[in-house]
Amino acid sequence: MDPTNTPISAELERKMDEAIRRYPADRKRSASMPLLHLWQEEFGFISDEGVNWIAAKLELQPINILELVTFYPMFRQEPAGRKHIRVCRTLSCAMAGSYQVMEKACAATGIVRHRDENGMHNPISVSEDGKYSIEFVECLASCGTAPVCMVEDELIENVRPDSAANLLTKEGRFPNRPPTKTDGGLETAAPWKTAPHPLEHRLIFKNIGREDWTPDIDCYLRAGGYEQLRATIKMSRAEIVNEVKTSGLRGRGGAGFPCGVKWSFIKPDEKKPVYLICNADESEPGTFKDRYIIHEDPHQLLEGILISCFALNVKTAYIYIRGEFPEGAQILERAIEEAREKNFLGQNMLGTGFDVEIYLHRGAGAYICGEETGLIESLEGKRAYPRIKPPYFPAVLGLYMCPTIVNNVETLCHVKHIIEMGGANYARLGRPNNTGTRIVCVSGDVQRPGYFEIEVGAVTMGQLIYDMAGGPRHGRNVKAVIPGGSSAKVLRADEKFKLRLKQSDGSMAEQEVSLFEIPMDFDSLAAAGSMAGSGGVIVLDDSRDMVWTLNNINEFYAHESCGQCTPCREGSLWMKKITDRMLLGGGVVQDPDTLQTLADNIAGRTICAFGEACAWPTQSFVEKFRDEFNQRSQKPVPPPMPPEYTPGELIDHKKIATTPLPRNPGWEETATAGTI
Amino acid sequence: MLVEHEQEHDYETLMADPATSAQLVNVQINGVWHQFPKGTRLIEACEQAGSYIPRYCYHKKLTSPGNCRMCLIEMGLPKMGPDRKPELGEDGKPVINWMPRPQISCAQDVSEGLGVRTDSPLAQECRKGVMEFLLINHPLDCPICDQAGECRLQEFSVEYGNAESRFLENKVKKPKNIELGPRVTLDDERCILCSRCIRFCQEIAHDDVLGFIDRGSHSVLTAHPGKRLENNYSLNTVDICPVGALTSSDFRFQMRVWFLKETKSFCTSCATGCNTIIGTRQDAIYRQTPRENNAVNSSWMCDYGRLNFGYLQSDKRLLQPEILSGDKLIAAEWNVAITHAAVQLKHFSGWEIAILASGRMTNEELWLTSRLAKILGVELIDIVPRQGPGDDILLSTDRNPNMNGAQILGVTRWPGARLRDITDGIISGRVKALVALGENPIEIGLTFAQLQALPAFVVMNLLEDESISAATAVLPSFGFAEKRGSMINGKGRLQRLNRSVRGPGEARDDWEILRDLIQAYSGQNSETDSRPGGIHSIEDVFRQMSESFPQFAGLSLSKIGDLGVQIFGTEATR
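For the protein sequence lines, the chains are A and B, in the order given. Here the first sequence is numbered in our numbering, starting from 1 and rising by one per residue. Here the second sequence is numbered in our numbering, starting from 1001 and rising by one per residue.
Hint data in this document are derived by calculation from the structure and do not stem from the laboratory. On a predicted model such as this, the values are computed, not experimentally measured, just so you know. A virtual CB, placed ideally from N, CA and C, is assigned to each residue, including glycine. Be aware that a few hints might be false.
Ranges between beta-carbon positions, derived for each pair [to be verified]:
hint, chain 1, residue 1, chain 2, residue 2, range
1, A, ASP593, B, ASP1083, 32 to 38 angstroms
2, B, ILE1144, A, LYS315, 23 to 29 angstroms
3, A, PRO636, B, ASP1208, 37 to 43 angstroms
4, A, PRO390, B, GLY1092, 48 to 54 angstroms
5, A, GLY586, B, GLU1164, 34 to 40 angstroms
6, A, ARG334, B, ARG1252, 54 to 60 angstroms
7, A, ASP593, B, GLU1087, 39 to 45 angstroms
8, A, ARG27, B, ALA1284, 48 to 54 angstroms
9, A, ASP26, B, PRO1121, 44 to 50 angstroms
10, B, ASN1177, A, ARG334, 15 to 21 angstroms
11, B, ARG1252, A, ASP162, 45 to 51 angstroms
12, A, LYS315, B, SER1120, 25 to 31 angstroms
13, A, PHE393, B, GLN1048, 23 to 29 angstroms
Subject to a maximum C-alpha distance of 25 angstroms in a straight line, what follows is the list of computed DSS-like cross-link-like pairs (lysine-lysine) [what the hints assert, rightly or not]:
hint, chain 1, residue 1, chain 2, residue 2
14, A, LYS382, B, LYS1227
15, A, LYS57, B, LYS1061
16, A, LYS382, B, LYS1079
17, A, LYS635, B, LYS1171
18, B, LYS1079, A, LYS262
19, A, LYS262, A, LYS272
One chain only, chain B, in its complex shape:
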């Protein structure tokens, strides 16, 4: 929104232009005039103008208490002449009356003719003073602090710290290693009392559970012993803690943050699809943190979704394709397993086959699934609806991340409506082959014995569950962090998964498995529509999908971008 003010642009003309003056105000930052929309916070305006002002307590999604005093700057208002109009200087711009005392920039909105000096000697001296005060009682445990590397104290120490300490006294002792709740650990000596976490709990999580006790330099952040920090958003306090006071009990001491590779993705634990950053090292995921997207999740995500990645690293992962030989599943090469599965399916006509697909599959996978169903002539296809308690914040009652995709791509019209037909068909023996894609059929009411009685039971999944040993072919696939692809969240936003780690063992990307299955069955690479090209990459899947579904017209995986694209519904801003 920043509009650079051209040098020759006359201040009065700007003032006179009603369209401009109605929305934009002129602000002088470090001697250069800029324009900002009314209501812009000064600290944000300066950042947009390229003058980042250091801050601890300020967070743009929370109220401003102005308590850290790090964002002190010099400020001035236009000097008013006797006619109550701003006096203009030689350059035709207002003369600024500088205030003698420094002001905080985090609680001030821009106003017409406001002047700011963000880097003057006074402003620098103020920051140095605040830094010294913050550090005197702060422990020097950076080498073992989880925040090291992404700590604001470290960051601003580079510019405003002193090489030597002149603090000769004993530091204030405070509690350490406090379990504030099941997921958050607190070190009060590291806490700089910025109150971000308290405000988050009050204003965003609506769970007023944190507070300061005691007074002065002895003030301590805490929760009442009878009521812990255990709401489903508690780990956001760790994200916004500018220092290492609040740490995630899950991530604590697991990995130095500078070794983490960061991949932009989104959470697949419910239909909200909170945007995330996945932190990985050497194909292991260490943490998932929220990424700002004001159309989806603001800057937050729930703990349930955040911590729901451990299963990707579980020893239950299926690592090897398997086929039934005699009465035992044995490991097989991929081409053998795929052929095996296709041959099994060829024994049956469309009415004898059911496909159990999943609302956790990507659009690309769902599109290929619907192609598979078409080739097989299958009508008995559905996904498993997945409900859970939701809240008014982010967590949706719909725990499938891509139910919308399943509906748009024609895999199911009324999710779950045909599950009964599928189970009845299997129980009665009308259905002789079941293809389970990322779902466990036992969870929809079938028994192991019923599955074992099926002449063909092809499973594509991540984890070994109790149905696996009933399968006639097992095709191990990828989890959300291991693949690329798109999903449509509950509010109609198309978002993109990016690969952050490689899949384990022999597991393969789902779209490749589905394509190969189609190819093995039909002998063609998705040529049933006699489209040219075939499918050689996930981009090909998306392109072919977008040709049949106008919702995706003009898009590609790369065009979805990091923040997604609204393809239906309205943007929900939080």
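Extracted from the complex, chain A is given alone in its bound form:
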């Protein structure tokens, strides 16, 4: 195929050239994903022609582009229907009925879905008339309004299965916010526009959900926006880093690494360019906080990024936003333009002589891009394979092998408030080593799912679930809680935990507490054997089948494993296949043990933390709900295949089933047992 014959409009090529200019001139490969997005927007899918054309445009090999198209599920190699529907399949949505939504939507469109047993991605099924297509996707990061769907680029929340047919009437373009309360028979209520709960302490989410708030810069400036940036440029870089260090801020993306410590890895006299990447690839199931910051208060994020850029002498920052936030991407692009007009970024920022640029980079549906080195590889235009550490610590050898800081959206917003309050004042919020506020997202079996910004540790699990989220549905009890995104270890409602807690007289002492008495902070949840993670709390009530729940989680991780390193690549799919079989009634007695040991063989032995993320659910579910797993694993283990080679010592050790011969072969003389 001759790539030069492709009818590429001048407008498309102009957009592509503009996308290429966002990356250093010798790093054109980074523009691979933006170009693939542009191509797919224009032509509906990535044809082989597209692969060749983009490869030629970026001076790459076609295989470099093909590797990306097949890695990122949002890129299609076949045309979809004229209206493409994505249904979220992941835990909170599945619990709220997304499988029924899928069924009804298929019925309404006449689509017959085939689940290819051996398929990698969830298949895209197209109706016969080509009008509609539908696919399951993994977590859309709106678990508080589950189940959710996307019609083209528009997010549809709280989709009731019985009104799934209404999805077909959707325009597919995102409306101008604010949304209506009822939207074509699909309710879009909580958590939009709800007043803060009295137990909340809102810093980051101060403006989220406000009736009188719009995401434009004028609104932000009226509320004192960019004042902290103006204050920052009068400070020395060391001062800013010190304030962040003093604040004790811990990363809000999942690992909880101290932000100031991370920043101090950057040498003040660094000669190479330093990059800042805002990790807006929010995709840990159960987590949906960054979505609201991006959609409703984008300038708060930009101000946080700009302060951080100034502090770290970063001339170029990238926001890596997940592909499933097309509206968020558009809002951020607009916000960046607005900020540039006011000279908060660009050449000679606010007359300081400091040049800084923020560029947006869209992902395309790969959870692994949330891992910082996977994200960096993806930003470099490659498959998001996490790097080995050592030697590739981002602060030393990050983006383009330059020092790079990767921070979560919420973390960067906190920076603005640390400057506003002063690091020491900020550190008074929360608890020692667990300072500030954080946004906790509650989803699953509660009456009022949603986001809550709390002082870290000031609220217990019980207060969060019962007071703030309204407790379980009528007549139900809480059975278990996943406290920090689906990769966190599950906690049973009737478990007892030994924690060191502050007593009424102010001293610290070890105390036995129930699940509902655990304070919502990093250290307490870690001491309880799980983690605060990304702040996504998923509540499971007593109607839930734990094998089904684990299977749903396993399917997510098997789908999202990047496939780079052996234990995670092979183990995540194996665990999913076992729980699949258990659900279908084929569980054998060894299955719970197999699951346990498989998870043990993954955790801690992989390149990145995905190994733990996919192993911890299995380890904790099987351990804590062993009876349910045993119940589903009652079949006898099938006999092993007859071994072609049975060494004598194995027979002696009874490791291989032996079969007596019908007649004595007279082998006793040679000291064998007379069996084969």
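Fit chain B to the supplied structure of chain A, relying on the hints for placement.
Here is chain B on its own, set in the frame of chain A:
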């Protein structure tokens, strides 16, 4: 480079010795302290210390992605005291702070006071886990797999495999029997996704043609349909593939590898002289693979050279000495053919004879050729230069493996400079006898008729070509795999050919033919210099040659060794 640490050797003294500490670091491997030069990869250090760590993705000539997780070991760093110096234990050695998680040893360089346990229960358990994961989706087709016998999965299964599988699910289905290019066939189900081949193509062959598509356990190695794996180094991916995913289309299903006899040799297809292993069975060559020599070819060789052995087994091989009788070539006994050739040459004086020698001959053969020329009084002698497109990797533009030998041994000063005189002489009739050694005179511009008009045309060669039927004597000789001898590559390295197969039919070793020709002509066994001894073996040829040429002084065929000797120029390290 490994220096065993003596038990009584005090750790602090070692630390204090600036000469030692500048270059060597102390590493504890399985409880024993060793020293290694700074910058040594940990996995290599452990191997040097006798603790081989199994690996799939790691290859010392490529970057380390750390993806197979087979080389996980336990690692620790010296425990630092409050004075920020390592705390010393009772034995005077640093106390090691072991990390709770296993670490990969392929991406880590040794550092001072590093501790490693390569065979601890945790390390063993990790390997068993990885082995199980690698095998669950791997097909059980070892009986028909070309890699069987040299497969790393098989090898490590012995130590870390399970006798029983607890995998009850369906295996992942992937494409099989894919022609990745003209010479490489891929079985994706066998592939363990180690990415060695991808990295080889990017880093060594500079042809980024392979990649993974799809994701997770469904990831598949492939090339883009529009751009195949057809670079001249593609078969190296087969060598480094630790399993049977990539196989050589040429060798595929031809022979079980355990039947192959391996002979160390080098490639004679260009002046680089890549070191090789020739795999043979019952006098047939089945494959040629590169052998590591960092002074010549690193661990690689080009496909062109690798596959350039089929002609040795071709039905065009000359199998029988022949002499012209009447107007027909008839088979003759060797002594008859040699005498016949010598008698023909005796009819002419030196100026009436030309010798067309070859840059493909060994030093020993070239030396004997120059002796022959001297005895005959021949001045009109040259070799045929042979040029072809080269690259920046291994392939040289000089396609003669031993042009240097021809020049050093005085067969030619400016290769090719006299070819014109030879052809002119034959065309004008001044030259009446031509001795063609391993070259076809038609290729230098002579016609069959001109050759047929020659009163004497003695040919020593391997293959029947269009000039043969014009010959007056045909002396069938050996190919590079059938003989011993030495050559000097383009960078001045003296290397040795070893015999891996016997020559076919009545063909004889070239040096014997030349010696006999000299003997038949002069009546002496290379005694023109009145040297004692005579020539009875190739070692004798080398010895006599080394007496006249100081470049070979002190050497013998056995002293050249498997990796060769640099006799001039500088070592080129790749």
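Okay, the hints, checked on the actual structure:
no., hint, result
1, A:ASP593 with B:ASP1083: 32 to 38 angstroms, "violated (49 angstroms)"
2, B:ILE1144 with A:LYS315: 23 to 29 angstroms, "violated (59 angstroms)"
3, A:PRO636 with B:ASP1208: 37 to 43 angstroms, "violated (51 angstroms)"
4, A:PRO390 with B:GLY1092: 48 to 54 angstroms, "violated (29 angstroms)"
5, A:GLY586 with B:GLU1164: 34 to 40 angstroms, "violated (19 angstroms)"
6, A:ARG334 with B:ARG1252: 54 to 60 angstroms, "holds (59 angstroms)"
7, A:ASP593 with B:GLU1087: 39 to 45 angstroms, "holds (41 angstroms)"
8, A:ARG27 with B:ALA1284: 48 to 54 angstroms, "holds (52 angstroms)"
9, A:ASP26 with B:PRO1121: 44 to 50 angstroms, "holds (48 angstroms)"
10, B:ASN1177 with A:ARG334: 15 to 21 angstroms, "violated (53 angstroms)"
11, B:ARG1252 with A:ASP162: 45 to 51 angstroms, "violated (59 angstroms)"
12, A:LYS315 with B:SER1120: 25 to 31 angstroms, "violated (47 angstroms)"
13, A:PHE393 with B:GLN1048: 23 to 29 angstroms, "holds (28 angstroms)"
14, A:LYS382 with B:LYS1227, "holds (19 angstroms)"
15, A:LYS57 with B:LYS1061, "violated (32 angstroms)"
16, A:LYS382 with B:LYS1079, "violated (39 angstroms)"
17, A:LYS635 with B:LYS1171, "holds (21 angstroms)"
18, B:LYS1079 with A:LYS262, "holds (24 angstroms)"
19, A:LYS262 with A:LYS272, "holds (17 angstroms)"
The structure fails hints 1, 2, 3, 4, 5, 10, 11, 12, 15 and 16 (numbered hints given earlier, in ascending order).
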